[in-house]
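For the record, the sequence lines run as chains Y and V. This note's numbering numbers the first residue of the first sequence as 111 and each following residue consecutively. This note's numbering numbers the first residue of the second sequence as 6 and each following residue consecutively.
The set of hints was computed from the structure by calculation and includes no laboratory data. Please note that a few of the clues may not be correct.
Stated by the list, open to error - Label pairs and their in silico Cβ distance ranges:
| no. | chain 1 | residue 1 | chain 2 | residue 2 | range |
| --- | --- | --- | --- | --- | --- |
| 1 | Y | N168 | V | L208 | 42 to 50 Å |
| 2 | V | R280 | Y | A277 | 56 to 64 Å |
| 3 | V | A25 | Y | V245 | 30 to 38 Å |
| 4 | V | N229 | Y | N168 | 58 to 66 Å |
What the hints assert, rightly or not - Listed next, the stretches of chain V that the computed footprint assigns to chain Y, with coverage defined by at least 3 CB atoms under 8 Å from CB atoms of chain Y:
| no. | segment |
| --- | --- |
| 5 | 54 to 66 |
| 6 | 149 to 157 |
| 7 | 240 to 250 |
| 8 | 289 to 296 |
As the list claims (entries may be wrong) - Among the chain V residues that face chain Y by a calculated CB cut under 10 Å, a handful are:
| no. | residue |
| --- | --- |
| 9 | G22 |
| 10 | P30 |
| 11 | L75 |
| 12 | I77 |
| 13 | W92 |
| 14 | F131 |
| 15 | G132 |
| 16 | V133 |
| 17 | V136 |
| 18 | S138 |
| 19 | L140 |
| 20 | N143 |
| 21 | F144 |
| 22 | Y165 |
| 23 | P181 |
| 24 | G182 |
From the three backbone atoms N, C-alpha and C, an ideal C-beta is built for every residue, glycine too.
Okay, here's what each chain looks like letter by letter:
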Amino acid sequence: MDLDLLTSFFASAVRVATPLLLAALGETVAERGGVINLGIEGSMLAGALGAALGASGNGLWTGTLVAMLAGLVVAAVFAAITVRAGADQIITGTAISLGVVGLTGTVYRRVYGPEGVGLTLPTFPVQAIPGLSKVPVLGPALFQQSVLTYLAYLAVPLIWWLLFRTAWGLRLRASGESASNSRAAGVHVGRVRTVGVLIGGALAGLSGASLVLAQVGTFAEKMTAGRGFIAIAIVVLGAWNPVRVMGAALFFGAAMALQFLFQSFALGIPYQLFLMLPYLLTLAVLAGAWGRTAAPADLGKT
Amino acid sequence: MRPFAAVGAGLLTLILGLAAGGYDPVLALAALWRGALGSPDAILSALLPRAIPLILIGLGIGLAFQAGALNIGAEGQFYAGAIAATWIGLSLGSWPRLLAVPVVLAAALAAGLLWASVPILLRLRFGVLEVISTLLLNFVAEALVSWMVQGPLQEAKHIYPQSDPLPVAARLPQLPGTRLHLGLALALGLAGVLWVFGKRTLLGFQLRATGANPLAARVMGGVNTRRLFGLALGASGALAGLAGGSEVSGTSFALFQSLSPGYGFTAIAVALLARLNPLATIGTGLLFAALEAGSSAMQREAQVPAVVVSVVEAVIIVVVLLADSTNRNRDLAEAGV
């Protein structure tokens, strides 16, 4: 295979993996606390619109901040309904993602006109790390990306440290394993879980920002297209461990980037088959992985 | 009382949201009313045709949720049914209608069942949560439809991303001068059948018992909850597939990409608001059909984006869930737990 082609394939795999990684890291925190949040699809979509609104005229970092805030607000609604009021997490998450589709669609059309015309936004420039980006094949993939990608990879050790090396992380994980035991040990389970969900929401918002401001450069209705749900599968595949989650996210980034690679071969295979690939791969991998990795024991229980 | 409170909360959110967004709520709600119930034509050609898929899918989701199968993939099962109905329907032009229509609908039903059998297998054999697998299969189904209408099933001239129209023989009969088709009778009949099934059969009783308390049903009642799970999720897929078939055969007469405006998700609200009761599903199906029909008119006449109804649906779902969990907490407190 052509070396240039391989180089650009790896680079697009890492770029495409960035939003998945950010959302999956956030969901890892929430799920370690025992909360499965299907609303991160909504947090991500709200983040994407927040990024678009914030970045039009106010700069990329404003957009990024607004995105994180939007993701956080959506997660706060989810936490209030599930952690506080004890409603079913899965249906609430689905409902929230559904509601955010309506909300972002409405706001988007309200702001940018009833037809929702195509919108061109500034994007984070690619910043090559001197020297390292010159490494053949993998150099551009790892060291010639936007700042949000670097942030995502910095978040991996940070989240790992938070979960496994801090007292709060211990309380969070204990709440995820057994809410009743943790409560007996004096942990404010509701508070700890809420914070976990909020961190997850902010990261999902950031993930939306990376989709808009580092990948696509525009906003479109329903543009997250299930990436939040894929992120949930990535968490399972990554066994609720940030480092392995990163590996799983890269694997899916590669699956999604395959379509660019195959399109350049012009094999005459319908492109829709490549659109299906990441979802089918997720199912196949989950079938292989589920049961062999231990989920937090109290995950999804209210 | 609770369902009305949920609907009230949904509508209140809509009004406040419209006002906050700078729309005229009175104008918008008037358009909503006109589009849904304002004229015989609105009722027969806008509201009732939309109620058919919502009732059919809602009935299935009701069954699945009772058995603890969280089927979030009705949208994909609907599309599987729509693809099968189109495929079979296009080749039945020379058949008598009395034969062709049932074959088309049976194909749709089978396709929905087949689509749902993947998550059933994944759950029972590999332990993969059906929530995730049904959700992911929605995206696969959408890509499949996209391929079909630009590939094998594209119309003869190969210009538009849609199928050829179905031959008349494969179409469900419509009430002359309206878009209302015989699928309504099918939906109402199935609601009745499922209500009787729930009240009068052992399997139906087991299903309701499992919905009320899965652990007790399994341990004390000797219910095979795994079998029930598979049956209910399969039936739910079949009903969603049937809805896709009836949509193609009775309303659109062709396959295209945005055939469903999210019926599979709206139907979750339909089923939950009906408290998973088949007869109540008719009522909630009509209600959400009215919202869908009205929102199209709202977009046309008051420039309010139609997607705003998704917010109303989400609020209704959440209020029903909150009411449920409040009740459960109260019950637990009374029981001294």
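Given V/P181 as an interface hint, is its Cβ closer than 10 Å to any Cβ of chain Y?
violated, 35 Å
Less than 10 Å between beta-carbons is the criterion; does V/I77 satisfy it with respect to chain Y?
With a closest approach of 6 Å, the V/I77 hint holds.
Cut-off 10 Å, beta-carbon criterion: hint that V/G182 touches chain Y:
V/G182 check fails; min Cβ-Cβ to chain Y is 32 Å, beyond 10 Å.
For the segment 54 to 66 of chain V, does the count of residues with a C-beta closer than 8 Å to a C-beta of chain Y reach 3?
violated (count 0)
Per the coverage rule (Cβ-Cβ under 8 Å, at least three residues), is the segment 289 to 296 of chain V covered by chain Y?
violated (count 0)
Please check whether V/L75 passes as an interface residue: C-beta within 10 Å of a C-beta belonging to chain Y.
holds, 5 Å
Does the CB of V/G22 sit less than 10 Å away from some CB of chain Y?
holds, 8 Å
Chain Y contact restraint on V/W92 - CB to CB distance below 10 Å:
violated, 16 Å
With a Cβ-Cβ cutoff of 8 Å, does the segment 240 to 250 of chain V contain at least three residues near chain Y?
violated (count 0)
At the C-beta level, are V/A25 and Y/V245 separated by a distance inside 30 to 38 Å?
violated, 52 Å
Is the interface hint satisfied for V/V133? The criterion is a beta-carbon contact with chain Y at less than 10 Å.
holds, 5 Å
Quick check on the hint: V/F131 CB to chain Y CB, less than 10 Å?
holds, 4 Å
The structure fails to meet hints 1, 2, 3, 5, 7, 8, 10, 13, 22, 23, 24 from the earlier list, while all remaining hints are met.
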